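S.K.: Given these sequences and hints, build the entire structure.
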Amino acid sequence: MQRLILRSKNKIALVSGLLLAVGFLSEWMLDQAAIFEGALIIAALFGVAPIAIQAYQALKVIVVSIDLLVTIAVIGAFFIQNYEEAAIVTFLFLFGAYLEQRTLNKTRSAIKELTEMAPESALKRMENGEFAEVAVEEVDVGDVLLVKTGSKVPVDGRVIAGEGSINEASITGESFPVAKEKGSKVYAGTILDNGTLQIVADRVGEDTTFAKIIELVEEAQDAKSAAERFIDRFAKYYTPVVLVLAVLVWLFSRRLELAITILVLGCPGALVIGVPVSHVAGIGNGAKHGVLLKGSEVISDFSRVETIVFDKTGTLTAGRPAVAEKEYYGENIEEALALLASVERESDHPLAKAVLAALGPAKFATVEETEVVKGAGIVARVKGRRVAVGNRALMEREKVELDEKARADMERFEKNGNSLVLAAVDGELKLLLGVRDQIRPGVKEDLRRLKILGVKNLVMLSGDNQGTVDLVSRELGLTEAHGNMLPEDKAAYIKRLIEEEGQIVAFVGDGVNDSPSLAFANIGIAMGGGTDVAIETSDVVLMNSDFSRLPHALGLAKATARNMKENIVIAVGVVLVLLASLLFSDWMNMSIGMLVHEGSILAVILNGMRLLRYKLR
Amino acid sequence: MKKATLQLETLTCPSCAQKIEKAVKALAGVEQESVSVLFNASKVKLNFDEEKISIAQIAEAITALGYEVQKSQVK
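Same order as they appear, the protein sequences are chains A and B.
Under my numbering, the first residue of the first sequence carries the number 460, and numbering increases by one thereafter.
Under my numbering, the first residue of the second sequence carries the number 970, and numbering increases by one thereafter.
Read the hints as simulated data drawn from the structure, not as lab findings.
Do not rely on the hints blindly, as some may be mistaken.
Here are the simulated lysine to aspartate or glutamate pairs, EDC-like style, with alpha carbons at most 16 Å apart [unchecked claim]:
1. A:K468 with B:E1037
2. B:K991 with B:E1029
3. B:K991 with A:D691
4. A:K858 with A:D885
The model shown is predicted, which means the values in this text are computed figures rather than measured ones.
M.R.: Here it is as structure tokens:
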């Protein structure tokens, strides 16, 4: 019975609303006071039932809830035979609860959509070699699965056959499809746009990247800041205090009307819900845009950040060296380039890959003999010619003559922050390449936006030499840049900024060798390329290592922090106005009190909802 | 000790969360400090001793308060 009443709360609200309308209409139009009173009594009794049941259940576990305040207020109204107020208050309370539920669901929708993307079934290869549909829980590591067009990848795994393109928005926030072929990694929760894949499961269930993201987001939306914990504690004592206050007022003034009005006005609605609402909407927006903000403490710290420290390699730069400048020497360049490409193709060295990429398509010849000279380069025999690729030391070893122009070029390339790669054929210099780590596209604009958002200092720390660091720094317009730094130096630098200069510092890194810095900074921001350690140790994660999410993350943190403050102001303001009008004016009564109370709750929820649409301009 | 996660119907008032927390903490066999009610996610997480109480009994205690338990997971 109790459960039935609670479950039909919304219907009860509707019925009591209708009764209320019938009552008022019959009084105004038909002048039937009897019907009026009867309808209102029924409406109030009907409406108070679910509220009273909730109050009783709370009381059983020794919690004085808002429902209790309202129930007592309604009973009090019956005592002084004010059925009108009793009916209106119960209706508003129920209707308000209904609206709260609807709107609150909206603010949580962003995160809900994410969790609903979790895969539920999979096509698993059974013992007889056929694929059969099973629940995703029944998939174990090593199972072979079939993924068809339009369906979700059920687990993290590798493609073993087939090809197709996958929308990885659920993991990266980026909806541009990614091509997959044999050997490619695929992630649970992503959707196969076209093609058919056979994959083998590497990580299943709660170990998948997607499950981890969901767990983090869910924990983040309920991770409470000091301010929220304070409000919670406050709310715990606030309701009983209001109850005691009302009883005291009644005992001393003997005005039951006043006492029950205090009960209604004292409901701490907007205050307890205002902050969590902003919070969940802000985190939801982030989750949709590839930004993971871990809790409201993080949001409030991040919104006040003064200095952002960046790791260079893999953060501001792509972390993949590429050829930036080149010079040719002598004749038969075409032939020399083909020979060079043939040699470089055999090597796994990152510089070799960069060189090969710059040479473009070539006719590869068979390499007959290869000698790797440690710390210098490679010497090889191709088509009977002796090809040497490497640094200056290798050229000296090979007795390659470097003329004046070559020396000048080398000096210029080095000054521009390049590492040098030289190539000689039969002891004659043919090619000079300047290789350097490339700045990620768009980083300059992103940094400018961070400055506009109010970040005072942009600092870069790197293990590279100061020359390279200065160059990148100048190009990006950074405030400071320091080279030759080991991971512990970076951590010490951040510690000094925080402890000695009292700054609020964020550190952005890829988490590969800068975990100490991520931990020391007030806000650790990880370029989450899917590495678990970085995602776990940091406070903010930029999904898919996408640097361009950073300005959005900061803007969102600021907007969310502002939104929380607005909600606190609305909530406290309303309570103050209500109390003041109760004390100093005579228009305040229970019904108006309840109306304003419910109105303020909706106001803070609607205000929080604005965050779902937040976009950085 | 087992770890349980219960998915409830959408919670709308923070005082509901408070109510559920108190009720679950009062159950014998539930580790008090482990109980956390996630208001926004509408979930309850806790550790319990399966020799003293079953997950069904925990779910029943929450249902008795008037909140539907949609799904429970033990590991």
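S.K.: The structure should be examined with respect to each hint, and the outcome stated for every one.
M.R.: Each hint tested on the structure:
For the hint pairing K468 of chain A with E1037 of chain B, the CA-to-CA distance comes to about 14 Å; that is within 16 Å, so the pair holds. As the CA atoms of K991 of chain B and E1029 of chain B are separated by approximately 15 Å, the hinted pair is consistent with the 16 Å bound. Annotation: proposed proximity of K991 of chain B to D691 of chain A holds, straight-line Cα distance about 14 Å (limit 16 Å). Between K858 of chain A and D885 of chain A the CA atoms are separated by roughly 10 Å; this keeps the pair inside 16 Å, and the hint holds.
Checked against the numbered hints above, the structure violates none of them.
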